[in-house]
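A.B. asks: Dock chain to chain to rebuild the complex, using the hints, since each chain is given by itself in its own frame.
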Amino acid sequence: MSFMAAVALVVRKDLVIETRSREVVYTALLFAVSCVLVFAFGFVNEGRADPAAAAAILWIAIAFSGTLALGRIFDRERQNETMRALLLAPVARPAIYVGKLAGVLSLLLMVQAIVVPLVALWFQAELFRHASLVIALLATGSLGYAAVGTLFAAMLARTRGRGALLPVLLYPVTIPVIIAGVKGTVALLQAEPNLAIARAWLMMLIAFDAVFITLALWIFEPAMAE
Amino acid sequence: MEPLDFTSLTFTDVTRNFGRRRALNRVSFSCEAGQIVALLGANGAGKSTLLSIAATMLEPSSGAVLYGDHSARSAGAALRARIGVLGHDLYIYPELTAFENLAFFGRLYGMTDVDRAVAEALLRAGLEDRASEAVSSFSRGMRQRLALERALLHSPRLLLLDEPFTGLDDASSSALRDRLQAARDRGALVIVTTHDLEAIEALVDTAFVLNCGRLQPLAAGAESLRVRYRRYS
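If you're matching them up, the sequences are chains A and B in order. The first sequence begins at 1 in the working numbering and counts up one residue at a time. The second sequence begins at 1 in the working numbering and counts up one residue at a time.
Just chain B, with the same shape it has in the complex (with noise of 0.2 Å):
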């Protein structure tokens, strides 16, 4: 199977329900590859749902997303290889060693050279000289390069950050920052999710703001993130 690529991600009209109650309402949105963008919102604003649908893990109640001109029922597991995902949990394992955490997840994505890949992944973790620990030994702050490592070991064209920040230090969070910048410099799509606005102030390309399921663009301005934000809460 072939990794299916693609430049850009649309949502059109996308609606999606729960039973009776609508997460999402009528979001259109479209970004390119090589670009940073922020999803702000408060909590149940229905953030983790777009990156659910975006992540193909949830079909839209109505309305259309495309992934260039596929959609996810078209492209399946294709489309899926050049997606990466860090949730509010962080799909690892505990049990397992940081090095066999990311040698499971390299080979399930079909990588070339799995030992090489991680091993570069856990040096740019920080987290070489703990490679062959359990994770379950990890304060919260490792486990979060690590599964960033985990997100990104297959050089994905779109990423998925839910709160990536959670739990970082000061330290941890410029990394972070950092490895974004790359995978944007990368021509990577990366869509974060954050109450931490200062830590991505610099980062950011576009940000949208979902309030109740609806979307909109967040207005420009020369003001911080944090003041433009604020008008719409």
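This is chain A alone, in the form it adopts within the complex (with noise of 0.2 Å):
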């Protein structure tokens, strides 16, 4: 079996039990749609907030609703041990992080389609002024932090205070990520706004990417040996 239908078939598998269940698309939407509520009330008066605090607030409501969403998508995989099952197959082990990783990214971005609208609606955020630049922001910083949220759920998915230690190992090596994912959305975001400086961020966030997925690729195989 070559590496991309094996990938398309764990990315299928994933899907269809998410569309069954919907279970973890809830549960990180309800939590993104409740931090950004909360946020606003806080941030917005007279119909207005900081352009910074609405960059700040949606980027946060990702990462974490990404954190609770990786968190539910690896216990699937625990409570029948379907994570052995996968590494046993006969395909090349980092096709099953790579389709894990393509099924954890779609919910993020389902997600972010629901929440980026609400941002922009609640803050008076310009969002879709330059949607295309938004969502290449989006799109790239919801890639490094899945790849890297990805493999740490994986490898913590057979410990005990995994939930606990997932935030712990994972928030300190995506703040790159966060902080130019913020970065390029502030300067979008800003009355008048500077290009350069966001296509600047939006380039740090495809490097980060590229290390990430990279080492990513790289450590899955020894990380999954039990």
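Do not rely on the hints blindly, as some may be mistaken.
So the derived label-pair ranges between C-beta atoms look like this [unchecked claim]:
| hint | chain 1 | residue 1 | chain 2 | residue 2 | range |
| --- | --- | --- | --- | --- | --- |
| 1 | B | S139 | A | A164 | 34 to 40 Å |
| 2 | B | S136 | A | D50 | 44 to 50 Å |
| 3 | B | L203 | A | S21 | 38 to 44 Å |
| 4 | B | N211 | A | S106 | 45 to 51 Å |
| 5 | B | A64 | A | S106 | 18 to 24 Å |
| 6 | B | A64 | A | Q79 | 30 to 36 Å |
| 7 | A | S106 | B | D5 | 36 to 42 Å |
| 8 | B | A42 | A | A5 | 39 to 45 Å |
Keep in mind that the hints were calculated from the coordinates and are not lab data. Since this is a predicted model, take the numbers as computed values, not measurements. Just so you know, even glycine gets a beta-carbon here, dropped at the ideal spot from N, CA and C.
C.D. replies: Next up, the structure:
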């Protein structure tokens, strides 16, 4: 079986399971929307908010709801030790990682499809003025975050206290991604958007993604050894 | 990728440590295709560790494991294509239907004509009428039968079963014995751990006892497996 065929099988399986249970997407979405709503009460005055606050809250909502999704997705694989069955299959083990990563990423993007318009509405943030750049920042930021998160969640899946350990490991490593995402988004939300700065942060996110994904592909198989 | 076939499994001085605890201590044995090998021992004796090493999921701390002439490290995925495992946990997705579970693993193992193979497997498991129901609605016995078919779906050369009789009623136990016998007859090497010695009495070609990580062959004799095993405990 080819690498990409194995990836497609794993993604499809994860999406079929999520379509039936809707457990992860609803939990992550509820958390993200609640987070944005609560901050909206604190930061929005007379219908407007500081663009920096809107950007930071958007990325915090994405990161925290992403952590919830990561934990739950790998809990599923732990319940019947199905992760072990995946690793026993005669496919390149990094394909399992990429499949899980693609599944996590698609759920994160679903959450963002709801949360981004809400932030734009409640914070009166001009997120759609340079929509392609915002989408590129969100996509690359989510990819970097999910790349590290998927690796750590898979490694911790059979560990006691994984719920507490995942954020402890994940946030310090992904802080550069979140900062780059926030800074890039802030640059686009200013009254006079600074496209050059936004593009520079986007390039940094692409570089992060390249490093994180390369490292994760490299260490996934040894890290998953029992 | 072509599956890599082999006809023997050889452990030579295999030791596995977990920190300071030694789970397996210089284990050596060899078995051939067409045999059913029982691995007996108390809880915590090292049976699951030995199966994990044979399944290529765990590397020995020292010693060598050979599948024919190949090691797990050199053969990798091609070797895993010829290994089937049924563990304590059943390795099936409760949210998917019986058919979807088998089809997913069949495709992952690169099988052709997956739909036909899955339909036949469901028939063997007596689950053809429940094929489109989510596994979460199944009883433990039904899940166990489905999990066995998952492990056997790709006709593995080496079949590793950890306590496969757990939760099965008499009819399902009998069906499982028939399946193991059929697997042996087609040339599979079956290694099974169980505490239900009566269930495997008539099946077993060779038996070993693991005691605190040390492996020894079960003494031959006319008495039942249980009587012979009691001498080691």
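A.B. asks: Determine for every hint whether it applies to the structure shown.
C.D. replies: Hint-by-hint comparison with the structure:
1. S139(B) with A164(A): 34 to 40 Å: 35 Å, holds
2. S136(B) with D50(A): 44 to 50 Å: 48 Å, holds
3. L203(B) with S21(A): 38 to 44 Å: 40 Å, holds
4. N211(B) with S106(A): 45 to 51 Å: Given a distance of about 50 Å, which is inside 45 to 51 Å, the answer is holds.
5. A64(B) with S106(A): 18 to 24 Å: 43 Å, violated
6. A64(B) with Q79(A): 30 to 36 Å: The hint (30 to 36 Å, Cβ to Cβ) holds, given that A64(B) and Q79(A) are roughly 34 Å apart.
7. S106(A) with D5(B): 36 to 42 Å: 38 Å, holds
8. A42(B) with A5(A): 39 to 45 Å: 44 Å, holds
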